[in-house]
Amino acid sequence: MMSDKFKESIHQEFERFMRDEMDDNEKKNYQNTSRFKNIIKRITKVLIEKSLKKNI
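Residue numbers (the numbering used here): 2 to 57.
Misleading hints may appear alongside valid ones.
To be verified - Taking lysine-lysine pairs in the DSBU-like style, the calculated list, with each CA pair at most 30 Å apart, reads:
1) K8 with K28
2) K28 with K42
3) K51 with K28
As the list claims (entries may be wrong) - Using C-beta positions, here's what the derived DEER-type ranges look like:
4) E22 with I44: 10 to 20 Å
5) E27 with L53: 29 to 39 Å
6) R43 with D21: 18 to 28 Å
7) T45 with E22: 16 to 26 Å
8) K54 with N26: 31 to 41 Å
9) F18 with K55: 22 to 32 Å
10) M19 with I49: 18 to 28 Å
Because the hints were derived from the structure by calculation, they are not lab data. From the three backbone atoms N, C-alpha and C, an ideal C-beta is built for every residue, glycine too.
Produce the entire structure from the sequences given, and follow the hints as far as they go.
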């Protein structure tokens, strides 16, 4: 777990999640955070926009 002295940015935290550097408990906790939900929304939005542009 993160200490109070070290706070990851949203992107750093997500990168650790994607690289599977979190233990199972940390993953479960992380997936329930607003930070995780926010970054998933952003990524989804970008992918949808790119997909729509590609199809035009």
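Holds or violated: 18 to 28 Å for the Cβ distance of M19 and I49?
-> 19 Å, holds
Between F18 and K55, does the beta-carbon spacing fit 22 to 32 Å?
-> 27 Å, holds
So the hint says 18 to 28 Å: do the beta-carbon atoms of R43 and D21 match that?
-> At roughly 21 Å between Cβ atoms, D21 and R43 fall inside 18 to 28 Å, so the hint holds.
Holds or violated: K8 with K28, Cα cutoff 30 Å?
-> 16 Å, holds
Outcome of range test on Cβ distance (K54, N26; 31 to 41 Å) = Given range 31 to 41 Å: holds, Cβ gap about 39 Å.
Is it true that E22 and I44 lie within 10 to 20 Å of each other by Cβ?
-> This hint holds: roughly 18 Å between Cβ atoms.
Do the alpha carbons of K28 and K42 lie within 30 Å of each other, as the hint requires?
-> 18 Å, holds
For the pair E27 and L53, does the Cβ-Cβ distance stay inside 29 to 39 Å?
-> Taking Cβ atoms as reference, E27 and L53 lie about 35 Å apart, which means the hint holds.
Distance restraint evaluation - T45, E22, Cβ atoms, bounds 16 to 26 Å | 23 Å, holds
Taken at face value, is the distance from the CA of K28 to the CA of K51 at most 30 Å?
-> 28 Å, holds
Checked against the numbered hints given earlier, this structure breaks none of them.
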